[in-house]
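Single-letter residue listing:
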Amino acid sequence: MATINDIVNRIVRGETSAMAEVEAALERAKNTEEYHALLSLTRERAIERAAAIDARIARGEHVGRLAGVPFVVKDNFLAYGAPTTAASKILENFMAPLQATAVEKLENEGAICIGKSNLDAFAHGGSTENSAFGVTHNAYDATKVAGGSSGGSAVVTALDVVPFALGTDTGGSIRQPASFNGVYGIKPTYGTVSRYGVVAMASSTDTIGCFAKKAEDVELIMDIMAGRDKRDMTTLPDFFAPQKPHEQLRIGIISESMTDSVDADVREAVEAYLEKATSAGHTVETVSLPVLKYTLAMYYIVVPAEVSSNLARYDGVRFGVRADGAHTLAELYGRSRDLGFVTENKRRIMIGSYVLSSGFFDAYYLKAQKARTVLIDEFNELFKRYDVLVTPTAPTPAFGIGENTSDPVKMYLADIMTVPASLAGLPALSIPAGVNEAGLPIGVQLIGKSKADAELLAFAHSLEEA
Amino acid sequence: MRDFVDEHRELFRLDFSQLSLFAILEAMTTITSDDVQHLAQLSNIELSNEESANLQQDLTNIVGYIDQLSELDTDGVEPTYQVTGLQNVWRDDTVVQHPAGREGLLKLAPETLDNQVKVPKVL
Numbered sequence: 000m001a002t003i004n005d006i007v008n009r010i011v012r013g014e015t016s017a018m019a020e021v022e023a024a025l026e027r028a029k030n031t032e033e034y035h036a037l038l039s040l041t042r043e044r045a046i047e048r049a050a051a052i053d054a055r056i057a058r059g060e061h062v063g064r065l066a067g068v069p070f071v072v073k074d075n076f077l078a079y080g081a082p083t084t085a086a087s088k089i090l091e092n093f094m095a096p097l098q099a100t101a102v103e104k105l106e107n108e109g110a111i112c113i114g115k116s117n118l119d120a121f122a123h124g125g126s127t128e129n130s131a132f133g134v135t136h137n138a139y140d141a142t143k144v145a146g147g148s149s150g151g152s153a154v155v156t157a158l159d160v161v162p163f164a165l166g167t168d169t170g171g172s173i174r175q176p177a178s179f180n181g182v183y184g185i186k187p188t189y190g191t192v193s194r195y196g197v198v199a200m201a202s203s204t205d206t207i208g209c210f211a212k213k214a215e216d217v218e219l220i221m222d223i224m225a226g227r228d229k230r231d232m233t234t235l236p237d238f239f240a241p242q243k244p245h246e247q248l249r250i251g252i253i254s255e256s257m258t259d260s261v262d263a264d265v266r267e268a269v270e271a272y273l274e275k276a277t278s279a280g281h282t283v284e285t286v287s288l289p290v291l292k293y294t295l296a297m298y299y300i301v302v303p304a305e306v307s308s309n310l311a312r313y314d315g316v317r318f319g320v321r322a323d324g325a326h327t328l329a330e331l332y333g334r335s336r337d338l339g340f341v342t343e344n345k346r347r348i349m350i351g352s353y354v355l356s357s358g359f360f361d362a363y364y365l366k367a368q369k370a371r372t373v374l375i376d377e378f379n380e381l382f383k384r385y386d387v388l389v390t391p392t393a394p395t396p397a398f399g400i401g402e403n404t405s406d407p408v409k410m411y412l413a414d415i416m417t418v419p420a421s422l423a424g425l426p427a428l429s430i431p432a433g434v435n436e437a438g439l440p441i442g443v444q445l446i447g448k449s450k451a452d453a454e455l456l457a458f459a460h461s462l463e464e465a
Numbered sequence: 000m001r002d003f004v005d006e007h008r009e010l011f012r013l014d015f016s017q018l019s020l021f022a023i024l025e026a027m028t029t030i031t032s033d034d035v036q037h038l039a040q041l042s043n044i045e046l047s048n049e050e051s052a053n054l055q056q057d058l059t060n061i062v063g064y065i066d067q068l069s070e071l072d073t074d075g076v077e078p079t080y081q082v083t084g085l086q087n088v089w090r091d092d093t094v095v096q097h098p099a100g101r102e103g104l105l106k107l108a109p110e111t112l113d114n115q116v117k118v119p120k121v122l
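Which chain is which? The protein sequence lines are A and B, in order.
Heads up: the first sequence is residues 0 to 465, going by numbering that gives the first Met the number 0.
Heads up: the second sequence is residues 0 to 122, going by numbering that gives the first Met the number 0.
The set of hints was computed from the structure by calculation and includes no laboratory data.
Treat the hints with caution; some may be incorrect.
Below 30 Å or equal to it, Euclidean Cα-Cα: the simulated DSSO-like pairs (lysine-lysine) are [stated by the list, open to error]: (1) Lys106(B) - Lys229(A); (2) Lys292(A) - Lys450(A); (3) Lys120(B) - Lys88(A).
Quantities reported herein were computed from a predicted structural model and do not represent experimental measurements.
Bound conformation, chain B alone:
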């Protein structure tokens, strides 16, 4: 359903937006097991099969819930990304010693070698 809506997104917007059909179709979003795998990959989490299956249902429910936001009219409204109104809070561009020092920070790493953090091969 999601793919179908996506492919026909423009069509729905043009012809049926007044009828909220788009919103109704949106509300029927289901997360497939392929979606779960894709999202797990994007999130860098290696899931067990059992957890994948449970998450598929959970994520479908959550997306179903948040989809109701499409009912709210936000035409012409500017987005709010932060609420402080602060802009361009500068600091001096100087090197500051971390209180823990190099040794203290390296001690936190699971594996180190020659003052560097060690990881398995990248590829």
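The shape of chain A in the complex, shown without the other chains:
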């Protein structure tokens, strides 16, 4: 499988063209329609951009590090050429008046967006079954979920429609679908990539990352997207820089993530990956993160609280879909939001309203934010002695479509391994670690120290070649 660098080199040398690459990607998108991974194609704009890049190459002009490389963005990124729906009815026809900084940076390097991928509406979910526009199917088994919420981006990467795709990760929405579809998925350190022009979900944990099949491709894309943006005041000063792998990392495997409640197949895959690390000269020890069992409860307090606030803006007034026949403004809000949101959006908004209600604030929201400090302290203690922490990315491989939809709490449990790094703002990477007997992919999660994103990628790359 060619790396992104290989593709760019071939385009620049004239062995292929941006147009040929884009047309081939659009063709592959058409041939994989039955997975329902894409909500829209940005065909016209992609063709125009490809022609422009080929013309520049023909004139001998400098082109960027991603010249002519097609990619897909999750449909909660504002991008030109197609609506930005967040897979919700309320934004069904919303044509973005600007582009996300992340998309702009990739386009400035010559990358070409060919389409927008399916997600759980407003990124609320772990299976892409909460999309208002239909379910995405797993790349390995059409009866299984794609994972979520960035399910569509994971599937188009797994199916080689495009060499990379963008996603957002608030509690696991890149890592878990990456695991379910056998590709890399990174959630960077909180604040690495600008969120300007991306539909907000939970502002204290929302991050932007990507999917690819090679660690070096992930590194290249993150290197381009990372950096301070004056339009997003929460971005960190520039720090991301590709690096060489360390010869000997101290790895801690979190014991609470390897209990009997985790699928045996998943534990075996994690152990096999750790053996590979040991043979490569790294040390592995079992460590404990006692607060792990409470992190999902923290997450489902903090995130709905922030969701209820961030989704207040969807009211049918200034943009988006407006319900018909409302006689008062209150009716207009209530009806537009009823028809515009899926049930999971409503659950989260209402739980958010609940935990923020006067009288309950201390017991829930404040309590969760204190618990978050406990979690961060436990991570800090471990990172005094270890460079990298390891868990499975998810407790199971992809589950069946419809299997968890009737029980929201059961669905939330799919996030149990991924939420800790989100609440602590730490970088985390899901690495493809083979398939089980049924042929379903399994992912291993690496969690690094704050700003150790490139170190995780270098490590993953070194084991990929081994």
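Here the structure of chain A is known, so what remains is to put chain B in place on it, guided by the hints.
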């Protein structure tokens, strides 16, 4: 049960906190249909009866799950509201033209009149 606990919150804290009785009672939280209506109102969502009934069960289950956090000892722990450590990130207080312009932004609104967004009467 929730009302009962709330009314006697101080009592439970004083007399039974060591026995975790408060935590046990908390874990029995149920969301009533009145709670659902109240939360829907706070959230500005007009729910159908069927969806209200389903949400009552869902929200009870979710609150039941998150209630387990009360077991965790957080006495004397400071809350974490954000993880960047960034403080007071300033920008210049100047007017910036939106790339879409006034017309482009008004075009996004479902209804407009004389360069303004139109809504039904407020009351």
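Holds or violated: Lys106(B) to Lys229(A), with C-alpha atoms at most 30 Å apart
holds, 27 Å
Pair hint Lys292(A) and Lys450(A), alpha-carbon separation not exceeding 30 Å
The hint holds at about 25 Å.
Would the pair Lys120(B) and Lys88(A) pass a check requiring their Cα atoms to be no farther apart than 30 Å?
holds, 24 Å
Of the numbered hints listed earlier, not one is contradicted by the structure.
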